[in-house]
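Student: For this one, chain A is given, so just place chain B on it according to the hints.
Chain order of the listed sequences is A and B.
Per UniProt numbering, the first sequence starts with residue 1, numbered consecutively.
Per UniProt numbering, the second sequence starts with residue 1, numbered consecutively.
Careful, some of the hints might be misleading.
[Stated by the list, open to error] Output of the computed footprint for chain A on chain B, the stretches with three or more beta carbons under 8 Å from beta carbons of chain A: (1) 33-40; (2) 110-119; (3) 124-130; (4) 146-158; (5) 193-200.
[Said to hold, decoys possible] Sample of chain B residues at the chain A side, in silico, Cβ under 7 Å: (6) 137; (7) 142; (8) 243; (9) 246; (10) 249; (11) 274; (12) 283.
To be clear, the hints were calculated from the coordinates, so they are not data collected in a lab.
By construction, the Cβ of each residue, glycine as well, lies at the ideal position given by its N, Cα and C atoms.
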Amino acid sequence: MRDRHLFKTRLRRTVLFTALSVGALVMLFPFAWTVITSISPGSGLGTPDLIPEEPGFDAYRTLMDTLPFWRIMVNSIWIAVASTLLQLITSSMAAYAFARLQFPGRNALFVVYLATLMVPMQVLVVPLFIQMRTLNLVDTYAALIAPSIASAFGVFLLRQAVAQVPKELDEAAIIDGAGHLRIFTLVVLPLIRPALATFAILAFMSSWNSFLWPLVIIRSPEFMTLPLGLSTLHGQFTTAWDVVMAGSVVSIIPIAVLYLAAQKYVIQGVARSGLK
Amino acid sequence: MSAPTTEAERIHTAAAGPPRRRRTRLRKAGVVVLFLAPSFVPLAMFTLAPMIGSLWVALHDWNLISPMRWVGADNFRELATDSNTWRAFGNTLYYIAGYLPLVFAGGLTAALALNTALRGRNVFRAAFFLPVVTSWVVVALVWKWLLNPSNGVVNHMLGLIGIDGPGWWTDPTWAMPSVILASAWKDVGFVMVILLAGLQAIPAEYYDAARVDGASAWQRFRHVTLPLLSPSSFFVVVISMINGFQVFDQVFVMTGGGPAGSTEVVVQQIYDLTFRYGRAGDASALSWLLFAVILVVTVIQVRIQRRWVTYA
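With the rest of the complex left out, here is chain A:
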């Protein structure tokens, strides 16, 4: 009886483990194939071998000759970092105002913030483009960053966190003579660190991966971000898949490294943002 039970659990475990392994293989194989293709010279003419016979890095050399790839990588990094930092600052301040300050029209203003949350980027693309053209900002960093200085989503997410900080802590600080700026920086911010981390990760990911806006506003290679650079590269090398895959490998590496380093927080952050 006990033996049969044990056998059944063990069998179930094995089946589960096998199924998951197959699933993981499906998830990881495209990444592996990307790497394999990138080191198989002349891919596109034939299907590369699973283990390349004469692996080479020609594709990477072509890539670097065609596009200012380092520049594009640095652009992507600094734009993602800048917009993440800006959004953290602007959103946390607004979150504090909505959670802690009393002022007339507070609820109405919050509804305005929420409304902007529901407007898809596609609706804004045409007038934003015209706005940037009028301001003479087409093809500049300023235009790339402008729409992501503030985030209504961030305000919403962080307001919940600020609301959970006990008010008694503020009051104690007020008795000690602190103003709102000091309560905000010294009491509230340290206590909402988990929410800040979650939001930072989501903001970074969305900036790093954004495509439609850069596609519309950027023309010159020196202002391109990775997704845009890659799509241009694909336009130039329609059949040289080794070069296109080399570009993909180079652009996956930074985000993959970041993800593996912060895996626990990334997954937690996404899970947490989905529960609210």
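Tutor: Only chain B this time, still in chain A's reference frame:
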């Protein structure tokens, strides 16, 4: 505050009365402005103003260069009678109809499997989630290569077992399934994580109680897991639906809307109208139409959630 009791206090309050109150009120307003301006000014400039601008453009005939010409609701009327609009919405619905069941079934299976105490759980989670952090452009390019009709690895492997693979994204019949496949592969990890969080929030006592009552594994799944997972499922369905209506990056890279318009989704249409045909007015009208559809669908979903979502 209590009323001033001593003479000295009364004099002090009276003397400092109106001007000081005004000054504190000013200072209070200053604090509010200080905290809100950093987010409100950019939002007003780069979200609110373009929102209004977009509605304004939608009411005009405009090619981005010559002066705008007021046409009122004509653009909307024109869109309603244009077969391209219907095709774009039809293709978008086709995308959602294929993508949503696939990504949900995959995510749920993975979440259930990973919710058991299992060796290497974190490795599996990492593997399933890696595509989520990868950009759409990379995913679309990689899948375009995997599904390359002549020398992609998928058709190569199908060939090994004697199947003649289709033209995938070059074939109007298979182009949309190709896009759906790539999209589901990318997002399955996202769904898994949301559902996993939902599963882990279910108290173990519920399962213990069901077991005591003699419920089988299937009955426990049917009567405990499914209802208690419904809030997370609802979230996943709503978000996936909204994202589905806004599908663009993968279509733009994999097919550009082709072949023969078979993957021309709404956002691709908005992009083409603006930047290929210079019809900014029509594009803005279509954007608002899309926004309206998303809003209506989301409201309907929130309405009918009562019928199937159980909050513990």
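Student: Each hint needs a verdict: does it hold in this structure or not?
Tutor: Do the hints match the structure? See the list:
no., hint, verdict
1, 33-40, "holds (count 6)"
2, 110-119, "holds (count 6)"
3, 124-130, "holds (count 7)"
4, 146-158, "holds (count 6)"
5, 193-200, "holds (count 5)"
6, 137, "holds (4 Å)"
7, 142, "holds (5 Å)"
8, 243, "violated (10 Å)"
9, 246, "holds (5 Å)"
10, 249, "holds (5 Å)"
11, 274, "holds (6 Å)"
12, 283, "holds (6 Å)"
Against the hints set out earlier in the document, a violation occurs for number 8 only.
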